[in-house]
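Peer 1: Okay, here's what each chain looks like letter by letter:
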Amino acid sequence: MRLHLNRQQVNGLVWQIVVVAIAVAIVGWLWSNALHNLSVRRISTGFAFLGREAGMPIADSWLAYSPRDPYARAFIVGIVNTLRVAVIGIVLATVLGTLIGIARLSSNWLLSRLAAVYVEVLRDVPLLLQLLFWYVLMQGLPAARAAWKPIEGVFLSNRGLVLPAIPIEEANLWVIAAAAAGLGALYLLRRQLVARQMADGKARPLWPYALALLVGLPALVSFSLGASWTITLPELRGFNFVGGLTLAPEYFALLIALVTYTSAFIAEIVRSGIQSVPRGQWDAANALGLRRSFVLQRIVLPQALRVIIPPMTSQYLNLTKNSSLAVAVGYQDVVSIANTTLNQTGQAIEAIALIMAVFLTISLGISLFMNWYNARIALVER
Amino acid sequence: MTSITHAPQNPLPFDARSRRTPAGRAIRWLRTNLFASVTSSIISVLLIALLAKAFVSLVQWGYWNAIWIVSGNQTGPCRSIRGLGACWAVIPEKYRFILFGTYPFNEQWRPALVCLTFIALFWVSSRRNWWRKELVLVWAAALVLIGVLMWGGVFGLSYVSQDRWGGLPVTLILATFGLAFGFPLGIVVALGRRSKLPAIRSLCVLYVELIRGVPLISLLFMASVMFPLFLPDGVNIDKLLRAQIAFILYAGAYLAEVIRGGLQAIPRGQHDAADALGLTYWKKNGLIILPQAIRHVIPPLVNTFIAFFKDTSLVLIIGIFDLLTTAKTSIIDPAWQQFSVEVYVFVGLIYFVFCFAMSRYSRQLEAQSRPG
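Residue numbers (the working numbering), protein chains in the order written: chain F, 983 to 1364; chain R, 15 to 386.
Any given hint could turn out to be false.
Some but not every residue of chain F turned toward chain R, in silico, with C-beta under 8 Å [what the hints assert, rightly or not]:
id	residue
1	Ala1016
2	Leu1092
3	Leu1093
4	Leu1110
5	Ile1150
6	Glu1152
To be clear about the criterion: a stretch of chain F counts as covered by chain R if any three or more of its residues have a C-beta under 8 Å from a C-beta of chain R, and this derived list gives those stretches [to be verified]:
id	segment
7	1115 to 1127
8	1138 to 1149
9	1337 to 1346
Chain F residues, not near chain R, derived (Cβ > 10 Å throughout) [as the list claims (entries may be wrong)]:
id	residue
10	Ser1026
11	Ala1161
12	Ile1213
I should point out that these hints are in silico values taken from the structure, not numbers from a laboratory. Computed from a predicted model, the values in this text were never measured in an experiment. Backbone N, C-alpha and C define an ideal beta-carbon position, used for all residues, glycine too.
Take the sequences, apply the hints, and build the full model.
Peer 2: What follows is the structure in structure tokens.
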């Protein structure tokens, strides 16, 4: 076969070679400078430092950690802290944002105006400023002794928010796992029932199965393992609280700031998603005599979701990336820990590479999940 | 019309009659907008009660009990009303520092003029009839003027080094220069990402996805800590400039994605027609494709500008004196330490004015471009 190139292809090839050569030259130059500078400063490259003792205290951690643990452990604690604020933040922001988005469409003038003001104010002020604001408010709360007690067992003070909690032990985890398995089974069962209804047109009730799988099964597991579900109420002993679940002020401020800020964007996405469904869809469904809840679930929402999901994905990614603002209030997420590591060891390149790796992985995870979900709900055309 | 002319035979229904008087109209409005149904009425009553309560406590704190001025650093009266009333006295005391940072006090008319220049520049750029090639010249002239005013050293202005800059001008500089340089970068990258040449396409994808995949803070850390490592010995770039470069790269990646969206909206026929006319790649894109593509995405572009303007506040974390950093620093002073809420409200208002103006503008553009 003879190589046959026309002028355009030759041009393209030349362009590519030039651009790639420039890019490689720049990166190579920067890299050789970096190697030189690092050797001058006697900083060894590589990830060996991860095995060294971190000596960095981490106040707020779900995992067992002491300053004598190695850097690798500190990083894992940081990643868990990032995920802790990001996952809970995404769930809460979605709920709050959806409610506010629906409120903006309300026929009640006051409600829709109020939702509009909420969206406008929160969107137009930098998140970092909002975060500092919430944190200052947190610090201005009364001391633990004079904590606010809005309802029994809930304390709000400058130590953060203290809530009643159920101590989670192994048995409890098994019960939760049983409930999750039940949910999965129910989902498969529902598909089966719908398929059979499609075949013969007879509706089959789902709720007995739901009751058995979601309530019966976990209850059975709980009973057989003897799991305890007593709620422990926090108590004030001396200067601090004992028992219950404590959300540190840093974590709480970060969570509030992220949730309220992101919810304003989600509200707009939900609103435009619902508005994108043509009025005729409602009318046609009503003309068929369908129930309102059915219309919303089966006709309007699936169409709105197609518009909602792609921008929602980028909001979730934004929230996760914005959680790195934690460093400004001293909540030790992965960026904050990488920053401390960088200051202690001088391993700038490695620390930043780790941040990038963590966030690219999380972003990729969220993107893959949302793309899968998006593909599932996408319009199937002939 | 017929129904009205024949109507007098029957008494008018209540609704129609009430439409005539202002009070009747108000009642009608209330009925349809606040008390249309039982649920709606309950929501309205609850909201009115809540709002009234919030309003009363806000007025009490922000106006009724507030202290507007104190002499010198005598913040005693402020401290005694802490929690009950605002201490707005902190604003007249600190506003020069918040707005202009550590810029020499007697020269602060210069950064003030710079801020006005920026606002004028934004205003001019927002006029539709000004969207011509000459606008680029206006921008170049304005940016030179801003440089002269901030640095000085010519025309009898004293020289002020970059590490004394601070406050609002720094925020505006970071945002404006970031966008001014990020925009062309974004266009090139967007074109590169849609190029048929695989090497160029993958380079552009790599750049965009790397920048968009990580938080801005890590880019700023990179600029402040890692960047000096990458330069040869003896070359030292100022911290503000390093942050500015990070912002340009950041803006470039995000703007590229927005512009790419616009490029995708251009029908294939436009490309074919341009090719049929024998235009080169750059002429085709510069004269036919890009003008249409950018017009398509002006509202999302403005939204990106807003996000970007807010994001400049992140330089607080690497210790550059932008508006938020000066605000946070101004309350380190022990006498004023407890009044950060007031300062944050003040600075928040400044950010809000800029962002709200931009978002209003974007909505107006969207309404204009909608057909019909």
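Peer 1: Next, verify each hint and record whether it holds.
Peer 2: Hints and how they fare:
Below 8 Å, beta-carbon pairs count as interface contacts, and Ala1016 of chain F has one with chain R at about 5 Å; its hint therefore holds. The beta carbon of Leu1092 of chain F is positioned within 8 Å of a beta carbon in chain R (closest approach about 5 Å), and the interface hint is therefore held. Hint on Leu1093 of chain F holds. Least Cβ distance to chain R is approximately 6 Å, under the 8 Å limit. Satisfaction of the interface hint for Leu1110 of chain F is found here, the shortest Cβ-Cβ separation to chain R being roughly 5 Å, below the 8 Å cut-off.
Given the 8 Å rule on beta carbons, the hint for Ile1150 of chain F is violated: about 31 Å separates it from the nearest Cβ of chain R. With 8 Å as the threshold, the beta carbon of Glu1152 of chain F stays out of range of chain R, its nearest partner Cβ sitting at about 36 Å, so the hint is violated. Check result for the segment 1115 to 1127 of chain F against chain R: holds, 4 residues qualifying (beta carbon to beta carbon below 8 Å, three or more required). Proximity of the segment 1138 to 1149 of chain F to chain R, defined as three or more residues with a beta carbon under 8 Å from a beta carbon of that chain, is not established by the 0 residues found.
Proximity of the segment 1337 to 1346 of chain F to chain R, defined as three or more residues with a beta carbon under 8 Å from a beta carbon of that chain, is established by the 6 residues found. Once the 10 Å rule is applied to beta carbons, Ser1026 of chain F is consistent with being away from chain R; the minimum gap is 14 Å. Every CB of chain R lies more than 10 Å from the CB of Ala1161 of chain F, the least distance being 33 Å, so the non-interface label holds. Against the 10 Å criterion, Ile1213 of chain F stays outside the reach of chain R, whose nearest CB is about 30 Å from its own CB.
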